[in-house]
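As they're listed, the protein sequences go chains W and F.
Residue numbering for the first sequence is 1 to 239, as defined by the working numbering.
Residue numbering for the second sequence is 1 to 239, as defined by the working numbering.
These are calculated hints, taken from the structure and not from any lab test.
There may be inaccurate statements among the hints.
What the hints assert, rightly or not - List of simulated lysine-lysine pairs, DSSO-like, C-alpha gap at most 30 Å: (1) F:Lys138 <-> W:Lys14; (2) F:Lys208 <-> F:Lys163; (3) W:Lys129 <-> F:Lys31; (4) F:Lys138 <-> W:Lys31; (5) W:Lys16 <-> F:Lys138.
This is what each chain is made of:
There are 2 protein chains.
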Amino acid sequence: MVTKNQIKLVVSLKQKKYRSQHGLFVVEGEKVVNELLKAGVRPFKIFVDDADKVQKFREAEMVPKKDLKQMSSLTHPNGILGVFYMIEGEGNLNPDWVVVLDSVRDPGNLGTIIRLCDWFGIKYLVCSKDTVDCYNPKVLQATMGSIARVNIAYVDLEEYLGKTNLPVYGAYMDGESVYSSDLAEKGILVMGNEANGISDEVGKFIAKRISIPQFGSLSTESLNVATATAILLSEIRRG
Amino acid sequence: MVTKNQIKLVVSLKQKKYRSQHGLFVVEGEKVVNELLKAGVRPFKIFVDDADKVQKFREAEMVPKKDLKQMSSLTHPNGILGVFYMIEGEGNLNPDWVVVLDSVRDPGNLGTIIRLCDWFGIKYLVCSKDTVDCYNPKVLQATMGSIARVNIAYVDLEEYLGKTNLPVYGAYMDGESVYSSDLAEKGILVMGNEANGISDEVGKFIAKRISIPQFGSLSTESLNVATATAILLSEIRRG
Numbered sequence: 001m002v003t004k005n006q007i008k009l010v011v012s013l014k015q016k017k018y019r020s021q022h023g024l025f026v027v028e029g030e031k032v033v034n035e036l037l038k039a040g041v042r043p044f045k046i047f048v049d050d051a052d053k054v055q056k057f058r059e060a061e062m063v064p065k066k067d068l069k070q071m072s073s074l075t076h077p078n079g080i081l082g083v084f085y086m087i088e089g090e091g092n093l094n095p096d097w098v099v100v101l102d103s104v105r106d107p108g109n110l111g112t113i114i115r116l117c118d119w120f121g122i123k124y125l126v127c128s129k130d131t132v133d134c135y136n137p138k139v140l141q142a143t144m145g146s147i148a149r150v151n152i153a154y155v156d157l158e159e160y161l162g163k164t165n166l167p168v169y170g171a172y173m174d175g176e177s178v179y180s181s182d183l184a185e186k187g188i189l190v191m192g193n194e195a196n197g198i199s200d201e202v203g204k205f206i207a208k209r210i211s212i213p214q215f216g217s218l219s220t221e222s223l224n225v226a227t228a229t230a231i232l233l234s235e236i237r238r239g
Numbered sequence: 001m002v003t004k005n006q007i008k009l010v011v012s013l014k015q016k017k018y019r020s021q022h023g024l025f026v027v028e029g030e031k032v033v034n035e036l037l038k039a040g041v042r043p044f045k046i047f048v049d050d051a052d053k054v055q056k057f058r059e060a061e062m063v064p065k066k067d068l069k070q071m072s073s074l075t076h077p078n079g080i081l082g083v084f085y086m087i088e089g090e091g092n093l094n095p096d097w098v099v100v101l102d103s104v105r106d107p108g109n110l111g112t113i114i115r116l117c118d119w120f121g122i123k124y125l126v127c128s129k130d131t132v133d134c135y136n137p138k139v140l141q142a143t144m145g146s147i148a149r150v151n152i153a154y155v156d157l158e159e160y161l162g163k164t165n166l167p168v169y170g171a172y173m174d175g176e177s178v179y180s181s182d183l184a185e186k187g188i189l190v191m192g193n194e195a196n197g198i199s200d201e202v203g204k205f206i207a208k209r210i211s212i213p214q215f216g217s218l219s220t221e222s223l224n225v226a227t228a229t230a231i232l233l234s235e236i237r238r239g
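Throw the hints in and build the complete structure from the sequences for me.
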């Protein structure tokens, strides 16, 4: 059973404003619901449209297909919709490296970067306030359970970078080759916006500009921010 | 002016079968049309829906908005549609490294991998016949002009790998760490399917299995094939 008010609540969660207000977010699909449960994220409600799935998910409630369709963001709902409580970050970690995103706008890129942070054991991801919301459904589709294992904060970057004692590295097209850079044991890696790179305001806090050297034709476009993050985190961890 | 037959031709190019038959492919949007022209890809027709754009593209023909909408694959056509001749590969390059894709299905992944090959100066990309078509519109949107600078072939991988003299490396979850692997001067790097990795048939030809070590929680999903390719190509080139 799902009440009209519950449907209204779930629909409202498509907007960031209501996600923040209620402290809830929505994912769709068996795989991602499973990943979040496995990662220990607390479910608020899980709605499914057939009896088999009720067997699989103890918490699930069966609802008519038409109600699920009403709640879904998908043109073709896939039979399972989970509403979860937002993840509370661990407060007192002592991180070695922190990734900072300056205005990353594409949900797929943010999703991939969260998964990369998880892979490379980066515990903190700090985002500018205009970076895409990490509870956006497309971000969640790309991160899967990784979102539960990386602490993500949205802050004023100038304030944050003004206070840190860690060395601040930034990815630029014209920086020093990361292959020959001497990376510190601990630090902050700043990645910029898809079209414009790191903003001038944030750039003031960067102590060292690093680059990924290009081996092909000079007319090649710059690397995508997610693939560049992959390579730089690999360089940080490979030692 | 665009004739009914031309509209029919452009619409038919949404299907791979007709793209191969006519040796033509379609892209939409000013940026990608520009990139292809800059990269020297030969245009067959460029259709635009306003006079300003005719100024910008010498080859452009102005057509009514409703005709452009009919030819477009987009819900909201963006005012420019280019039909280009397929790119002919250079035959006699002597490549150092070749990337081989075994059944990569996601257009965004293939697009990103083509752009990475271009960045890292990889001249040959060899794909299994069931890898997504490189002239698929979503692939082209992700590669931009890079498609003109990487030679892409669709072949029977078992036949291809059976004949090569280059050492064959494959990306696996349980291979030797790429950070400590001694990579040859020249070689072939095989990347597998998004869900299943490298198939058993192709696996028989792999001389050395390599992996990207994981630093985070063990429950993390594997890296996406495009980000894994980014890291491995960086390792190959960093020396």
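Going down the list of hints, with the structure as the test:
no.	hint	result
1	F:Lys138 <-> W:Lys14	holds, 26 Å
2	F:Lys208 <-> F:Lys163	holds, 17 Å
3	W:Lys129 <-> F:Lys31	holds, 28 Å
4	F:Lys138 <-> W:Lys31	holds, 24 Å
5	W:Lys16 <-> F:Lys138	holds, 28 Å
In the structure shown, no violation is registered for any of the earlier numbered hints.
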